[in-house]
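Participant: One letter stands for each residue in the lines below.
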Amino acid sequence: MLSSNTYIISSALIRVGRYFNKSYKDLIRELVAELNKDLPIHDYIDYVVVSNVFSDSILEQLDISTMIIQELNLTPKPAVRVEAGESSGLMALKYAHSLIKSGMTSTVLVIGVEKLVEYPTTVVNKYMVRLLNSDVEGRYDIVTVNEAALLMKLYMKKHGHSREDLTIWPIKMHENAVNNPYAQLRNRITKEQVINSQIISDPLRLFDVHPLGDGASAIVLTNNKELMSKVGTGCVELIDVLHASAPPLTHRSDLLSLPASKYLFSKLGNYGVDLSDCVLEIHDSYTILAYLIVEELGLSDRGKAPYVVTDIKNINLSGGLKARGHPVGATGVYQVAEVHRLLTSGLGSIKLNNSWGLVHSMSSIDNNAAVALIRRCG
Amino acid sequence: MLSSNTYIISSALIRVGRYFNKSYKDLIRELVAELNKDLPIHDYIDYVVVSNVFSDSILEQLDISTMIIQELNLTPKPAVRVEAGESSGLMALKYAHSLIKSGMTSTVLVIGVEKLVEYPTTVVNKYMVRLLNSDVEGRYDIVTVNEAALLMKLYMKKHGHSREDLTIWPIKMHENAVNNPYAQLRNRITKEQVINSQIISDPLRLFDVHPLGDGASAIVLTNNKELMSKVGTGCVELIDVLHASAPPLTHRSDLLSLPASKYLFSKLGNYGVDLSDCVLEIHDSYTILAYLIVEELGLSDRGKAPYVVTDIKNINLSGGLKARGHPVGATGVYQVAEVHRLLTSGLGSIKLNNSWGLVHSMSSIDNNAAVALIRRCG
Amino acid sequence: MKISPPRIWRERYNYYMLRITQCLDCGRASYPTSLTCPYCGSSNIRTVNSSGLGEVITYTISYFRIEGQEDEVPKVIALIKLREGAIVLGEVVDVGLSEIREGLEVEAVLRRLKIDGNSGLIWYGMKFRPIIGAGIPT
Amino acid sequence: MKISPPRIWRERYNYYMLRITQCLDCGRASYPTSLTCPYCGSSNIRTVNSSGLGEVITYTISYFRIEGQEDEVPKVIALIKLREGAIVLGEVVDVGLSEIREGLEVEAVLRRLKIDGNSGLIWYGMKFRPIIGAGIPT
Ligand SMILES: [Zn+2]
Ligand SMILES: [Zn+2]
Numbered sequence: 001m002l003s004s005n006t007y008i009i010s011s012a013l014i015r016v017g018r019y020f021n022k023s024y025k026d027l028i029r030e031l032v033a034e035l036n037k038d039l040p041i042h043d044y045i046d047y048v049v050v051s052n053v054f055s056d057s058i059l060e061q062l063d064i065s066t067m068i069i070q071e072l073n074l075t076p077k078p079a080v081r082v083e084a085g086e087s088s089g090l091m092a093l094k095y096a097h098s099l100i101k102s103g104m105t106s107t108v109l110v111i112g113v114e115k116l117v118e119y120p121t122t123v124v125n126k127y128m129v130r131l132l133n134s135d136v137e138g139r140y141d142i143v144t145v146n147e148a149a150l151l152m153k154l155y156m157k158k159h160g161h162s163r164e165d166l167t168i169w170p171i172k173m174h175e176n177a178v179n180n181p182y183a184q185l186r187n188r189i190t191k192e193q194v195i196n197s198q199i200i201s202d203p204l205r206l207f208d209v210h211p212l213g214d215g216a217s218a219i220v221l222t223n224n225k226e227l228m229s230k231v232g233t234g235c236v237e238l239i240d241v242l243h244a245s246a247p248p249l250t251h252r253s254d255l256l257s258l259p260a261s262k263y264l265f266s267k268l269g270n271y272g273v274d275l276s277d278c279v280l281e282i283h284d285s286y287t288i289l290a291y292l293i294v295e296e297l298g299l300s301d302r303g304k305a306p307y308v309v310t311d312i313k314n315i316n317l318s319g320g321l322k323a324r325g326h327p328v329g330a331t332g333v334y335q336v337a338e339v340h341r342l343l344t345s346g347l348g349s350i351k352l353n354n355s356w357g358l359v360h361s362m363s364s365i366d367n368n369a370a371v372a373l374i375r376r377c378g
Numbered sequence: 001m002l003s004s005n006t007y008i009i010s011s012a013l014i015r016v017g018r019y020f021n022k023s024y025k026d027l028i029r030e031l032v033a034e035l036n037k038d039l040p041i042h043d044y045i046d047y048v049v050v051s052n053v054f055s056d057s058i059l060e061q062l063d064i065s066t067m068i069i070q071e072l073n074l075t076p077k078p079a080v081r082v083e084a085g086e087s088s089g090l091m092a093l094k095y096a097h098s099l100i101k102s103g104m105t106s107t108v109l110v111i112g113v114e115k116l117v118e119y120p121t122t123v124v125n126k127y128m129v130r131l132l133n134s135d136v137e138g139r140y141d142i143v144t145v146n147e148a149a150l151l152m153k154l155y156m157k158k159h160g161h162s163r164e165d166l167t168i169w170p171i172k173m174h175e176n177a178v179n180n181p182y183a184q185l186r187n188r189i190t191k192e193q194v195i196n197s198q199i200i201s202d203p204l205r206l207f208d209v210h211p212l213g214d215g216a217s218a219i220v221l222t223n224n225k226e227l228m229s230k231v232g233t234g235c236v237e238l239i240d241v242l243h244a245s246a247p248p249l250t251h252r253s254d255l256l257s258l259p260a261s262k263y264l265f266s267k268l269g270n271y272g273v274d275l276s277d278c279v280l281e282i283h284d285s286y287t288i289l290a291y292l293i294v295e296e297l298g299l300s301d302r303g304k305a306p307y308v309v310t311d312i313k314n315i316n317l318s319g320g321l322k323a324r325g326h327p328v329g330a331t332g333v334y335q336v337a338e339v340h341r342l343l344t345s346g347l348g349s350i351k352l353n354n355s356w357g358l359v360h361s362m363s364s365i366d367n368n369a370a371v372a373l374i375r376r377c378g
Numbered sequence: 001m002k003i004s005p006p007r008i009w010r011e012r013y014n015y016y017m018l019r020i021t022q023c024l025d026c027g028r029a030s031y032p033t034s035l036t037c038p039y040c041g042s043s044n045i046r047t048v049n050s051s052g053l054g055e056v057i058t059y060t061i062s063y064f065r066i067e068g069q070e071d072e073v074p075k076v077i078a079l080i081k082l083r084e085g086a087i088v089l090g091e092v093v094d095v096g097l098s099e100i101r102e103g104l105e106v107e108a109v110l111r112r113l114k115i116d117g118n119s120g121l122i123w124y125g126m127k128f129r130p131i132i133g134a135g136i137p138t
Numbered sequence: 001m002k003i004s005p006p007r008i009w010r011e012r013y014n015y016y017m018l019r020i021t022q023c024l025d026c027g028r029a030s031y032p033t034s035l036t037c038p039y040c041g042s043s044n045i046r047t048v049n050s051s052g053l054g055e056v057i058t059y060t061i062s063y064f065r066i067e068g069q070e071d072e073v074p075k076v077i078a079l080i081k082l083r084e085g086a087i088v089l090g091e092v093v094d095v096g097l098s099e100i101r102e103g104l105e106v107e108a109v110l111r112r113l114k115i116d117g118n119s120g121l122i123w124y125g126m127k128f129r130p131i132i133g134a135g136i137p138t
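Quick note, the sequences are listed as chains C, E, U and F, same order. Counting from 1, one number per residue, gives the positions in the first sequence under the numbering used here. Counting from 1, one number per residue, gives the positions in the second sequence under the numbering used here. Counting from 1, one number per residue, gives the positions in the third sequence under the numbering used here. Counting from 1, one number per residue, gives the positions in the fourth sequence under the numbering used here.
Read the hints as simulated data drawn from the structure, not as lab findings. On a predicted model such as this, the values are computed, not experimentally measured, just so you know. C-beta: ideal position from N, C-alpha, C; glycine also. Any given hint could be a false lead.
Unchecked claim - Label-pair ranges, simulated between beta-carbon atoms:
1. G103(U) to S3(C): 53 to 61 Å
2. T310(C) to V109(F): 45 to 53 Å
3. K81(F) to F20(E): 28 to 36 Å
4. G272(E) to C40(F): 26 to 34 Å
5. Q198(E) to S4(C): 53 to 61 Å
6. L53(F) to F20(E): 50 to 58 Å
Claimed, not checked - Looking from chain C toward chain F, a few residues come up when the C-beta cut is under 7 Å (computed):
7. K126
8. R139
9. Y140
10. I142
Unchecked claim - Result set (BS3-like, lysine-lysine): computed pairs, CA atoms no more than 27 Å apart in a straight line:
11. K153(C) to K127(F)
12. K2(F) to K2(U)
13. K114(U) to K114(F)
14. K127(U) to K81(U)
15. K22(C) to K77(C)
16. K153(E) to K127(U)
17. K81(U) to K157(E)
18. K304(C) to K157(C)
19. K304(E) to K191(E)
20. K2(U) to K81(F)
21. K153(E) to K2(U)
22. K225(C) to K351(C)
23. K157(C) to K127(F)
24. K158(E) to K81(U)
25. K114(U) to K22(C)
26. K114(U) to K304(C)
27. K127(F) to K81(F)
Make a model of the complete structure from these sequences and hints.
Facilitator: This is how it looks when you write it as structure tokens:
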């Protein structure tokens, strides 16, 4: 009784945070304990796809997907790791989707896991450089935060925004995160706090930047409808996961465009997605990127995003990367798990009646981007 | 005019070697120049799947698949990296297969690439430790070569083999590699050379160990039959890619078994594979593993593999990991490209009429294993 | 910094003692600790400290050189069966290359594993040494 | 060892000079060098050394701290448009934090990038400094 559709039937999340006393294995054990409450995953999972970015450099662990299988006593089940920078989570979702849609397998567990606070921030920062081109940015230790700062300056100048105008996004994200039990930063902040916070890369300040945190999140995908009655808290349908790349920043004719994201958003019409009937989760790693994404989505005219953000009620209810946090390889899986919860049993106390979910990821300044399209079940 | 089958229609290989004067981008540019001779890949590739293990630690590069897309001017095409230790190459193949079989895409370029000799051997060795469990082996800097040595001793004792008895495999591999233009070590060796070579981990010696080398290899998979007339040197069909995991070495009831590989080999009957009508490429990273794999395949009784190796004519015609070399993340893609060549236009001067190709990979001592099943077209 | 301080701290029991899992269902012991028995899958288990006593199943003398650890070779790496039944991989120290042998009785001992540069953390952990009276001249 | 000797050697032209690609079809210049023009895809290109002269499009003063490079902050990172038309990312040195501005004319200069520990390789590469007479008091 296999469906030709793929469903997300279950999700598990650890609150993003600084878990000095827990290993990546500990975080995953907690996820699995939550999933096992319904039915032991051993009984129904065929394949495990792991999204993780820094296992090699931070955990000194390669083939981490097999280590996870061994830790969970799931042998001989197969597992694989997928990495595409900050879009890794959605790429793992895409791999799982293709395994099911191809008929190769029926039920896949996608785990996103990242341990960052194994080292002090300056050490983790060293590894963050590697998300950019080692022959260009890497050579000078330029990081995404620097490029975001350059774009922020260009944006402010081109559209006449003050630094203060751009505080609306982080304030909104912290407000949203108050209601998300899995968010790293669950405190409200003020305009003054944002503009007086530590300068990271002028004009970009601490409150414009995602926090560093560990995280682990899991979702179960299946085409087995019978499994739904036994596992999970309600289903959503995974319609598709789209993925694209863009030229490097310095080769873009418009430095304030996000070519890969824009390309993907141009495909949404084919799916009949109505953005106003969507739960949206976008990759707001840095404040300026949120505005640019909102504009690429067509939710605002160019340069006007800071004026419309308050009125967009269905965006980053999780708190986004800014306040939920950004455990790099796990983030995409968090976003999808949150949308699953928002459209079914609720994310904490938040629950929505929207028909669609749209999750957006990108790596660095849109070197690559991904979009997952999710639909409420019939 | 899309087929429901998946075909490997084209392949490209760089001779495995020590390319101090070439970057990973240079190696890939050479592959693409070869592929472009038929038709620019830009015109027909939908997706790029990259297999690579050490990009983070050795190249200081994450999201390497996007960097490759940017280098090749293939934007906005999507790309992703897959990593499952030493089985990464076949896992990239599996992803490509599922993308096509699911109908998500039609033509996928799989690139396996690994740059190892960017650093002296002792530095690379440090990163090799990470292929094993960082909480077990990693803690003591135990590497796969040590575990292979332990198994070699157990095997010699249990089955009464002398050290000399076990030289037959590396001698055969070097003999085979003479005819493979892409092999790293293309010299014949003698029994005396093997048993007098440098001790790496007693009783395992230098000639029992794969060499360190850089490598890059590519294959094109498609379900578009029309493309075959325009690209490549003949097609083979990719039937399936199987994947499994095993418990850690210390938890195995029989230390000389390879549980993941054994599990996969037990599935071959379902596909009607006739091993005697196969081109076989197995993961002989260390001499002892070749014998154990031959036994798990049922080509020899337990403990007798050293006696039958000479008579097996269809195994590792490439020279295997021992002599073709083992550019870790690229190896599986080499194996598949070699089988493609062997069954179509020929690998150098070697060409076979066998109906099947079977490619086997594993990571460390069978922590995970993968098998690709390939069939001659029509 | 190459050694993670939180990791060393949080794994202190696993590093400074040989903690094993004993299955109350199938009776088998395993290392390292886990939440379920790797043999039968049971979660009816307990975590105990091993006696640290065991016997060499087989061993290898390793000359594999790793940056920063070049002085450590040759080193003896062994598969060891603990008295509790668990099989572990470990390094045998305080033993001559001609003295190591299958069946050698060993005991766990705390030794230095790695140093993080000139001023960084020192990482300690369990290695094995011959039990006095295990047939090695002292 | 954290800096790859073969890499530094093989990339010496790219590190010690600003090598750019000029497209003979669409006329645009790009950095770093590539086999085809990133704008029009043409392989009708040539690789030339940039004059190293350019102008700051925009800049940021970075306080982002990286292990081993803590002394480097604050540093000025800029998008620079070279005279040949290519846009590059780079660090501007020999400039006060109050002197850096959009439109500042700069020239490429060889500077130290990184050092590999106390005894390792030193990695040099191109940075930018204000051209004398570019409106900064000397
Ligand atoms: Zn048990
Ligand atoms: Zn051009």
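Participant: All hints, please: hold or fail.
Facilitator: For each hint, the structure was consulted:
1. Range check, G103(U) to S3(C): about 59 Å between beta-carbon atoms, so the 53 to 61 Å window is met.
2. For T310(C) paired with V109(F), a C-beta distance near 47 Å keeps the hint of 45 to 53 Å intact.
3. Distance hint check for K81(F) and F20(E): the Cβ-Cβ separation is about 35 Å, which falls inside the suggested range of 28 to 36 Å.
4. Hint check: G272(E) to C40(F), Cβ distance near 51 Å, so the stated range 26 to 34 Å is violated.
5. In this structure, Q198(E) and S4(C) meet the distance hint of 53 to 61 Å, their C-beta atoms being roughly 58 Å apart.
6. One distance hint, 50 to 58 Å for the beta-carbon pair L53(F) and F20(E), is violated here, with the actual separation near 33 Å.
7. At a threshold of 7 Å, the smallest CB-CB gap from K126(C) to chain F is about 5 Å, leaving the interface hint in force.
8. A least Cβ separation of about 6 Å between R139(C) and chain F falls short of the 7 Å threshold, and the interface hint therefore holds.
9. Satisfaction of the interface hint for Y140(C) is found here, the shortest Cβ-Cβ separation to chain F being roughly 5 Å, below the 7 Å cut-off.
10. About 6 Å separates the beta-carbon of I142(C) from the nearest beta-carbon of chain F, less than 7 Å, and the hint is met.
11. Only pairs whose Cα atoms come within 27 Å are accepted, and K153(C) paired with K127(F) is accepted, the gap being roughly 21 Å.
12. Proximity of K2(F) to K2(U) is assessed by CA-CA distance (about 12 Å); at most 27 Å being required, the pair is judged to hold.
13. Proximity of K114(U) to K114(F) is assessed by CA-CA distance (about 26 Å); at most 27 Å being required, the pair is judged to hold.
14. With a C-alpha separation of about 14 Å, the suggested pair K127(U) and K81(U) falls inside the 27 Å cut-off, and the hint holds.
15. For the suggested pair K22(C) and K77(C), the alpha carbons sit about 25 Å apart, so the restraint of at most 27 Å is met.
16. The suggested pairing of K153(E) with K127(U) holds, with an alpha-carbon distance near 21 Å, which does not exceed 27 Å.
17. About 18 Å separates the Cα atoms of K81(U) and K157(E), which keeps this hinted pair within 27 Å; it holds.
18. Restraint check: the Cα-Cα separation between K304(C) and K157(C) comes to about 13 Å, which is no more than 27 Å; the hinted pair holds.
19. At roughly 19 Å between alpha-carbon atoms, K304(E) and K191(E) fall within 27 Å of each other, so this suggested pair holds.
20. Pair hint K2(U) plus K81(F) does not hold up; C-alpha atoms about 39 Å apart against a cutoff of 27 Å.
21. A hinted pair counts as satisfied when its Cα atoms are at most 27 Å apart, and K153(E) with K2(U) does not qualify at roughly 34 Å.
22. With a C-alpha separation of about 23 Å, the suggested pair K225(C) and K351(C) falls inside the 27 Å cut-off, and the hint holds.
23. At roughly 25 Å between alpha-carbon atoms, K157(C) and K127(F) fall within 27 Å of each other, so this suggested pair holds.
24. Restraint check for K158(E) and K81(U): satisfied, since their Cα atoms lie roughly 18 Å apart, inside the 27 Å limit.
25. The suggested pairing of K114(U) with K22(C) holds, with an alpha-carbon distance near 22 Å, which does not exceed 27 Å.
26. For the proposed pair K114(U) and K304(C), the alpha carbon gap of about 55 Å is over 27 Å, so the pair is violated.
27. A distance of roughly 14 Å separates the Cα atoms of K127(F) and K81(F); the hinted pair therefore holds under the 27 Å criterion.
The structure fails hints 4, 6, 20, 21, 26 (numbered hints given earlier, in ascending order).
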